[in-house]
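The listed protein sequences correspond, in order, to chains A and B.
Residue 276 in this note's numbering is what sits at position 276 of the first sequence, and the numbering runs on without skipping anything.
Offset between the second sequence (1-based) and this note's numbering: plus 434.
In short, the hints are calculated from the structure, not lab data.
Quick caveat, the model's predicted, so the values are computed rather than measured.
Where hints are given, some of them may not hold.
Unchecked claim - Derived SDA-like pairs: lysine to any residue, alpha-carbon spacing no greater than 20 Å straight-line: (1) B/K779 <-> A/L379; (2) A/K383 <-> A/L372; (3) B/K724 <-> A/A377; (4) A/K48 <-> B/S485; (5) B/K779 <-> A/S388; (6) A/K37 <-> B/V486; (7) B/K498 <-> A/A159; (8) B/K497 <-> A/R161; (9) B/K779 <-> A/G396; (10) A/K387 <-> B/A718; (11) B/K776 <-> A/L384; (12) B/K497 <-> A/E136; (13) B/K779 <-> A/D385; (14) B/K498 <-> A/E136; (15) B/K552 <-> B/F511; (16) B/K557 <-> B/A540; (17) A/K406 <-> B/A723; (18) A/K37 <-> B/S491; (19) B/K724 <-> A/L379; (20) A/K164 <-> B/G550; (21) A/K48 <-> B/D487; (22) A/K48 <-> B/V486; (23) A/K406 <-> B/N514; (24) A/K387 <-> B/K755; (25) B/K498 <-> A/V134; (26) A/K37 <-> B/S657; (27) A/K383 <-> B/P756; (28) A/K133 <-> B/G607; (29) A/K37 <-> B/D488.
Claimed, not checked - Output of the computed footprint for chain A on chain B, the stretches with three or more beta carbons under 8 Å from beta carbons of chain A: (30) 484-495; (31) 599-607; (32) 612-622; (33) 649-658.
Think of the CB as a built atom: it goes at the ideal place given N, C-alpha and C, for glycine as much as any other residue.
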Amino acid sequence: MKGIRARVFWALLVLPFMACAARAEDTKAADRTVSLKNSTRYLSAFQKVVSDAAKATVSVMCEGKVVCLGTVVKPDGHILTKASEVRHDKVVCKLADGRSFPATVVGIDEKNDLAMMKIDAKGLACVTWADSKVAEVGNWVCVAGAGEIPAAAGVVSVATREDKLRERNAPTSSGFMGVTLGEGEPGPKVEDVKEDSPAAKAGLKAGDIILEVRGGKVAKAEEMIRSLSRTRPGDIVKLKYLRDGQEAVIEVTLGKRPAMGANARGEIQNAMGGSLSHFKGPFEKILQHDSAIRPEECGGPLVDLAGRVVGLNIARAGRVESYALPGELVAQLVPDFIAGKFKVSATAVKRASPAELAEQARKELKKLEDELEAARARLKEMKLDLKSARINGDQGEERKLSAKVKRIMEEIEGMSEQVEKARKELSSLEKSGS
Amino acid sequence: MTQIVKPVSLSPLAILALSLWIGAHAGAQAPSSQVASDRNPPVNDRIVPESVDDLKSLQEQVKKVVAKCRPTTVGIFVGNSAGSGVMIKKEDGFYVLTAGHVSGNADRDCQLVLPGGKRLKGKTLGANNGIDSGLIKVVDKGAFEHAESGKSKDLKVGQWVVSIGHPGGFQQGRTPVVRVGRILKVDRSTVQTDCTLVGGDSGGPLFDLEGRVIGIHSRIGLSLNVNFHVPVDTYDETWDRLVKSEVWGGTGGFFDLFRSGQAGYLGVQVAQTSGGLEIAEVVAESPAAKAGLKPKDMLLKIDGKALSSPDELPRLLSRKKPGDEIKLEYSREGKAKEITVKLAKRPS
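Work the whole structure out from these sequences, hints included.
The structure is reproduced here in C-alpha cells:
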C-alpha cells in the first residue's frame, strides 16, 4: 500500500515538471524551473578551477566497479582514498590520463577512514593541500570527478570543525553484532548477548573477553566499536576471544541494527535524495559543504574557486551534508602514512552468500512486520481508551492519551517506512541471488 | 523513483505529516520569463553561471548574505521538538518567524538558541496550519541580531537563494548550516527550491541574495530538488492573527491532524490533476479509509456539489460537523461510484 502511495506522489509531483520541460522550447525558461545542480552546463562553469585537481584524481576500482575516487598525493604513486569503500584485496586505480595500475593498500588511518594506496608509477600529477581556513562559509566549492566535468558543486556550509559523534545519530548502516561491551582484561568484555542476535548465533557468551576483531588487536570496548563501525550488514567478521582461559576464533555474520523509532525517522529523511556513505564518521575534523556527492564520489579533492584543494571528500553524510577532511589535516597525515605509521590488516571483506543475505532480509522483514502489527494493535486499544476518557470527561487522561496516540502513530509511520524499505531490499537480494 | 513530502522538523508530532500536503501547491504557476528586477543586484541574473567570474560574483553575494544573516538564525526547542527560526524586530519587540508545525499550539514556553549558543526564553503565538506559518515572541529583553523581511510576491523562478538552519536541531560547536540553490517554483502558498533541507531545518529562513527573509523552511520530498518553504508575505498578511495567538487553517491536510477542530473530518489528501481532484493519501482508520476510499480515486461531488479545486473540499467539510453524513461521488478506474460517509471528529 505504501508503495502505491509513493508512486502516486511521484506522478503528481513530477508531471507538471515534465510538462514544463516539454513545453519549454525556450531553454531559458527550463533553466529557471529545473535544478541546475546536476547539469553539465552548470558544472562546466567550474571546469577551469578544477582542472589541475582533476588530473590528480583517480577512479578506485574493485572487481571492475568504481568504488570511490582517490587523490594522488605524491608523484611516486601514493594515492589517498576512503578506506571503508575499499573492500577487496585486488584494487585498480584508473588515472585521469586513462592508464590503469594495480594498487596496494599500504596504510589505513581508521580514525579518519583514510587509506593510502601505492601504484607503480612515476611523475604523476598530484595535489597541493591548502589550509581550509581559506574555505569560508559561503565559498563555492566543487568536487573533482573522474572526468573533466566536476562531479558536483556547492558551498561551504560550516567551516572546519572538530567532529563529534554525538552530533549525529549512531551510524546505523554499519553491521550489527548484538553485544553489550564493558572493559575487561586484556580486552573488552562481553557483558550481555542479545537473544537471537548475530553474536548469539555465532556462539558468543557473556563473560567472553574479545582479543581481536577483523584481524586487529583490541584492548578497549571503544576500539572494538570503532572497528565494527567500518562493517556492513552481511559482512563476516572474525573474532578471537578468551573463554575460561582458552583462546578461540569464531566468525560472526553481521546483521542489521534494529531501527529505533525517532532515530529511524532522521535516518529516513537523511536518505531521501540519494544513498549515503556507510561510514559517516566521526572523523578528527570536518569541512562541511552542500555539494550533493554520491558515496562513490568520496576520496577525491574538494576545490575552491581559486583552484585551491581545501579538503578531501570523505563522506556523504546526509541529505544536506557532505564532509571533507580539511586540507591541513590531510597534509599532516601524508608524511605519517609514508613513514609507515599506519598499518594495514587485510582489506578484503568476507561476505555472507546471497542466499544467506536474502534469508537474513526475510527474517528482518518478518520481524518488522510483526512489530508494525503489534503497534497497530496498541494504537487500536489506546484509541478505545481515549474514547472512554472522552466519554467520562476526564480531560487530564484525555490529553495524556492523545499524546500517546500521536506518538504511536508516529512510530507506525516510521515502521511502515522501514517495512517498505526492507521489502525492497529483500526483492533486490532475491533478484541478485537467482 | 518515488516522491513523498515530509515536514522537516524533528517534531514527534510532525511525523504524521509524512504524507503530503500537496493540494495547495499542485497547481503549478507558469514560469516567469523575466527575472531581471531593478531592486536585485545584477548578479541575480546569472541564472546559469557560465564562467568562473560569474561564479565569483555569486560567491561574493552569498558571503555577504552569510555575514549579515547567519547571526539572525535561531534554534528552537519546544516540547520534544527541535526546529529553526529567524529573529525579526517589530515596534513592540523581537519575534521569531518559524514553521507552524514547529511552534505548534499557542502560549507554550520554548527555548531559542542564538548561533553563539546563548539561550533565550520564548512563547509560541499563533500558527496558520494551512500554510505552515508559525510565530514565537521573544520573552527575554535585549537587542538581538535580526533579519529584514523581503517580499515573496516579487520572487522569480530561477533566482539564487540562500538557506540557513539547524539540520538535526541546534548543535553546540556547529554554526547554522548554509546551503545555496535556486527558486524552482513559487506561488502564494509555497516556494520550492533546490536548497536541500532535512529534519530540524523546519522554521529556518530562506534569504534572497540581498539578505532578506523570503521564506521559512517547511517540508521536503524525496528528490533533492523538492524542498518547500512558506512564503514570507503570509506572515505580514496574517500578522494580527498570529500575534493574537490564533491557530487556524488547514486544507484538510496533515498539519491539521494535531489540532482539534469542529469541522467534519474525512481523512484524505487531495491533489489537483489534469483529470480533476485525485486522492493522494487516505489517512489510516479515518472515515475515508473505513468507507473504502483509496489513493488514485477521483473525487467528483460532495452532496451533489462538484469539486473543482482542492480548496473546495475543506470548505465544504468545514460546513459539516463530526457525525454528519455526506454523499460522496467518486470514480475509480473510470467507473463512477457513490457512497455515504459519516464524518468524524478530527483526531486531536
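Status of each hint after checking the structure:
1. B/K779 <-> A/L379: The given pair, whose Cα atoms are some 17 Å apart, holds under the 20 Å limit.
2. A/K383 <-> A/L372: Distance of about 16 Å is within 20 Å: holds.
3. B/K724 <-> A/A377: Holds: B/K724 and A/A377 sit about 17 Å apart, inside 20 Å.
4. A/K48 <-> B/S485: Holds: A/K48 and B/S485 sit about 9 Å apart, inside 20 Å.
5. B/K779 <-> A/S388: With a Cα-Cα distance of about 15 Å, the restraint between B/K779 and A/S388 holds, given a limit of 20 Å.
6. A/K37 <-> B/V486: 16 Å, holds
7. B/K498 <-> A/A159: 16 Å, holds
8. B/K497 <-> A/R161: 19 Å, holds
9. B/K779 <-> A/G396: 19 Å, holds
10. A/K387 <-> B/A718: 17 Å, holds
11. B/K776 <-> A/L384: 19 Å, holds
12. B/K497 <-> A/E136: At roughly 8 Å apart (the allowed maximum being 20 Å), A/E136 and B/K497 satisfy the hint.
13. B/K779 <-> A/D385: 16 Å, holds
14. B/K498 <-> A/E136: 12 Å, holds
15. B/K552 <-> B/F511: Holds - the C-alpha atoms of B/F511 and B/K552 are around 13 Å apart, at most 20 Å.
16. B/K557 <-> B/A540: 8 Å, holds
17. A/K406 <-> B/A723: It holds: about 18 Å lies between the C-alpha atoms, which stays within 20 Å.
18. A/K37 <-> B/S491: 18 Å, holds
19. B/K724 <-> A/L379: 16 Å, holds
20. A/K164 <-> B/G550: 18 Å, holds
21. A/K48 <-> B/D487: Satisfied, since the Cα-Cα distance of roughly 11 Å is no more than 20 Å.
22. A/K48 <-> B/V486: Answer holds: A/K48 to B/V486 is near 8 Å, not above 20 Å.
23. A/K406 <-> B/N514: 13 Å, holds
24. A/K387 <-> B/K755: Roughly 18 Å between the alpha carbons, so the hint for A/K387 and B/K755 holds.
25. B/K498 <-> A/V134: 16 Å, holds
26. A/K37 <-> B/S657: 12 Å, holds
27. A/K383 <-> B/P756: This hinted pair holds, its Cα atoms lying about 17 Å apart.
28. A/K133 <-> B/G607: 16 Å, holds
29. A/K37 <-> B/D488: 16 Å, holds
30. 484-495: holds (count 8)
31. 599-607: Since three or more residues must qualify, the claim that chain A covers the region 599-607 of chain B holds, with 4 doing so at under 8 Å.
32. 612-622: Holds: 7 residues of the region 612-622 of chain B have a Cβ under 8 Å from chain A.
33. 649-658: Since three or more residues must qualify, the claim that chain A covers the region 649-658 of chain B holds, with 5 doing so at under 8 Å.
Checked against the numbered hints above, the structure violates none of them.
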